[in-house]
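Could you use the hints to bring the two separately framed chains together as a complex?
Chains A and B supply the protein sequences, listed in that same order. Residue 36 in the working numbering sits at position 36 of the first sequence; the count goes up by one each step and never skips. Residue 189 in the working numbering sits at position 189 of the second sequence; the count goes up by one each step and never skips.
If you're looking for bench data, these hints aren't it; they were derived computationally from the structure. Computed from a predicted structure; not experimentally measured. Among the hints, a few may not be true.
[To be verified] Derived SDA-like pairs (lysine to any residue); straight-line CA-CA distance at most 25 Å:
| # | chain 1 | residue 1 | chain 2 | residue 2 |
| --- | --- | --- | --- | --- |
| 1 | A | Lys58 | B | Tyr56 |
| 2 | A | Lys2 | B | Tyr56 |
| 3 | A | Lys58 | B | Ile62 |
| 4 | B | Lys2 | B | His34 |
| 5 | A | Lys58 | B | Asp41 |
| 6 | A | Lys58 | B | Pro67 |
| 7 | A | Lys58 | B | Tyr53 |
| 8 | B | Lys142 | A | Lys2 |
| 9 | A | Lys58 | B | Pro9 |
| 10 | A | Lys10 | B | Ala157 |
| 11 | B | Lys142 | A | Gln17 |
| 12 | B | Lys2 | B | Asp41 |
| 13 | A | Lys10 | B | Arg108 |
| 14 | B | Lys142 | A | Ser50 |
| 15 | A | Lys10 | B | Phe110 |
| 16 | A | Lys58 | B | His34 |
| 17 | B | Lys2 | B | Pro67 |
| 18 | A | Lys2 | A | Ile33 |
[Stated by the list, open to error] Partial pick of chain A residues on the chain B-facing surface, computed with a CB cut under 10 Å:
| # | residue |
| --- | --- |
| 19 | Arg4 |
| 20 | Val19 |
| 21 | Leu25 |
[To be verified] Partial pick of chain A residues on the chain B-facing surface, computed with a CB cut under 8 Å:
| # | residue |
| --- | --- |
| 22 | Ile13 |
| 23 | Leu14 |
| 24 | Pro16 |
| 25 | Gln17 |
| 26 | Ala20 |
| 27 | Leu59 |
| 28 | Asn62 |
| 29 | Leu64 |
| 30 | Ile65 |
All C-beta atoms in this analysis are idealised placements derived from N, C-alpha and C, irrespective of residue type, glycine included.
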Amino acid sequence: MKARVLIRPKAGILDPQGVAVEQALPALGFSGISEVRVGRMVELEIEDESQLDALCQKLLANTLIEDYEVVSVS
Amino acid sequence: MKFGVVRFPGTCDDFDARDAALRVDGAQAVLLWHGDHSLQDVDAVIVPGGFSYGDYLRVGAIARFAPVMSEVIEFARQGGTVLGICNGFQILCEAGLLPGALLPNTGRRFIFRQVDLDVVRADTRFTSAVPAGQTSLSIPIKHTTGRYYAPEDQLDAMEANGQVLLRYAPGQNPNGSLRDIAGVTNEAGNVFGLMPHPEHAVDPLTGSVDGLTLFTSMAQAVANV
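Chain B on its own, in the form it takes in the complex (with noise of 0.2 Å):
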C-alpha cells in the first residue's frame, strides 16, 4: 500500500498526512510535487491541508489547476482513492471532483478545536475500520473557510445517496455548515474530503488516535480490490 500526499506552495499539513499514513501497517507514503504529471504509481491520493497558493481568489481555486491535480482528477475517474482535508477538501470542490463549496465560518474567526464527529456511515473506504460500536470520532479542526455549503436540492440528493459519512455532533457545528456536514464523498464514493484533521488525531499524545482509522479504512479498501 502506498500512499502519495500532494505538497503545493502553501501546503503545511504534508508531512503530519503523510506520517499519518505511514503508521498504517505495512504502509508505504511519498509527496507528490504539484509542479509534476506523475502520482508515483500511489495506490491512493490524499490532499493535505494548508495554504496552496496562498489562497488567493478563492480558498483552492488555483490549485485545482496545478500540473499534479490533472493527474489526480484522471486517477479519481478511473476509480482511485482520495481524500483531502481541509485545504485539501476546498480544492477537490473546486475541481468539481466533490460537490458542493466551503464558505467562511459563520462566526468569521479562525477556529482551532477538538470536535465530535457523528459516523453516518462506516461501510465506506473511508470509514471501514470505525471499530463496531463507535459512533462518533474525536479529530481536532482549524480552519477559517469550513462552512459546507451546497444548493438545498443537491444536498437531499447527496443524502439519499448516502454521501455525507461524517457530521458534527449535535450542538457542536463550529463554522455554520449546512445540515452539520464535515465530510463527504462524491457519487461514486472514491473521492472524500472533510475539515476536520485526521492527521493531527493518530497519537495518544495529542488526545486522540480515532483519525488514524480513515488512514486504515483507505488501506483496507485498497487491499480489498
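Isolated chain A (complex conformation) (with noise of 0.2 Å):
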C-alpha cells in the first residue's frame, strides 16, 4: 500500500525556509500571509505498515527537531 508521512519543523523552531518564502509574497501581489511553515513529504510503498512508525522515527524525522504524521494510507 501507499503511505504519505508529512514531515515540519517543530513549533518553535525558527523555519528560514518558512521565512523566506513569506518574504517573497508581498512581492507578488499577495497579502495576509503570516507563519509559513516549509517541511517535506515523503510518499513510500509499504507492505506492512506497521512499520511505519519506527521508520519515520529512526530515519524519515528526526524528532528532536521535526514532527512527523502520517497522512495517508492506501
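So, in C-alpha cells, the structure goes:
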C-alpha cells in the first residue's frame, strides 16, 4: 500500500525556509499571509504499515527538531 | 598515535583532516572507508566535513547508518576519542553520540569566513593543548546548516556538565546557534563535535594555526591513557 508521511519543523523552531517564502509573497501581490512553514512529504510503498512509525522515528524524521504525521495509507 | 579519518561518498574534507592530523608530532593517519566494518586499530576517529550521501533527507541522516558508523559508535561507547567536524558534527548528532541537532543558518545563506571562538574549557582531551593564556581560536567556518539547537533544559544540563567547549566570540555568531555554541561534547567528554574547521587552520600560510591545537590535544590525551 502507499503511505504519505508529512515531516515539518517543530513548533517554536525558526524555519528560515518558511521565512524566505513568506517574505517573497508580498512582492508577488499576495497579502495577509503569515506563519509559513516548509516541511517535506515522503511517499512510499509499504507492505506492513505497522512499521511506519518506527521508520519515521528512526530515519525519516529527527524528532528532536521535527514532527511527523502519517497523512494517508491507501 | 594513529588517527582514523572516516570517508563517506560526498565527504570532501577527508584529506585536509588527515593532513592536519599528520602535522602532529609522531602521528599517523589513515582513511576509513564508510562501507568497512573496521577502524584499523586507530587511537582516535575523525568524522570530517562534506556532504555525506548528498545529505539527502537531512544533513547526516543517512551517513549515521553506514557500516563504519556502527564501529565508531561502539568505539565511542568504550570511551574512544571521536572528533566530528561540520558534517561530521551533524552525523554524530544524528547518530545520538552528541546531544542536539544542526538546523539551517538563520540567514539562509552558505557562510564561509574566519571566526573567533572563545575557549570555554581548556582542560579537555580536545582543548588541552591550547596555550595557557590563550582564550580564543581563529578558525574558519563554511556551512549552510550550522545552527546548533537543543531544548533549553538540555542546554542547561549540558552547560552545568561542562559540555560546551567552544562558543562564537560575542557578536560573531554566524548562524543563529543557541547560546553562541560552536562545539559540544557528549556527557562523558570523549566525543566532540564542532561546526568550524580546525583542519583548515593548521598552516601559517592560511592565516592561523589554531586548529592544530585540537589535533595535538587529542594526541596528548591518547598518549596519557
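Right, here's what the structure says about each hint:
no.: 1; hint: A:Lys58 / B:Tyr56; in the structure: holds, 15 Å
no.: 2; hint: A:Lys2 / B:Tyr56; in the structure: holds, 21 Å
no.: 3; hint: A:Lys58 / B:Ile62; in the structure: holds, 10 Å
no.: 4; hint: B:Lys2 / B:His34; in the structure: holds, 18 Å
no.: 5; hint: A:Lys58 / B:Asp41; in the structure: violated, 29 Å
no.: 6; hint: A:Lys58 / B:Pro67; in the structure: holds, 16 Å
no.: 7; hint: A:Lys58 / B:Tyr53; in the structure: holds, 17 Å
no.: 8; hint: B:Lys142 / A:Lys2; in the structure: violated, 39 Å
no.: 9; hint: A:Lys58 / B:Pro9; in the structure: holds, 21 Å
no.: 10; hint: A:Lys10 / B:Ala157; in the structure: holds, 21 Å
no.: 11; hint: B:Lys142 / A:Gln17; in the structure: holds, 19 Å
no.: 12; hint: B:Lys2 / B:Asp41; in the structure: holds, 8 Å
no.: 13; hint: A:Lys10 / B:Arg108; in the structure: holds, 18 Å
no.: 14; hint: B:Lys142 / A:Ser50; in the structure: violated, 41 Å
no.: 15; hint: A:Lys10 / B:Phe110; in the structure: holds, 23 Å
no.: 16; hint: A:Lys58 / B:His34; in the structure: holds, 20 Å
no.: 17; hint: B:Lys2 / B:Pro67; in the structure: holds, 21 Å
no.: 18; hint: A:Lys2 / A:Ile33; in the structure: violated, 32 Å
no.: 19; hint: Arg4; in the structure: violated, 16 Å
no.: 20; hint: Val19; in the structure: holds, 8 Å
no.: 21; hint: Leu25; in the structure: violated, 16 Å
no.: 22; hint: Ile13; in the structure: holds, 7 Å
no.: 23; hint: Leu14; in the structure: holds, 6 Å
no.: 24; hint: Pro16; in the structure: holds, 5 Å
no.: 25; hint: Gln17; in the structure: holds, 7 Å
no.: 26; hint: Ala20; in the structure: holds, 6 Å
no.: 27; hint: Leu59; in the structure: holds, 7 Å
no.: 28; hint: Asn62; in the structure: holds, 6 Å
no.: 29; hint: Leu64; in the structure: holds, 5 Å
no.: 30; hint: Ile65; in the structure: holds, 5 Å
Going down the numbered hints, you'll see the structure goes against 5, 8, 14, 18, 19, 21, while the others check out.
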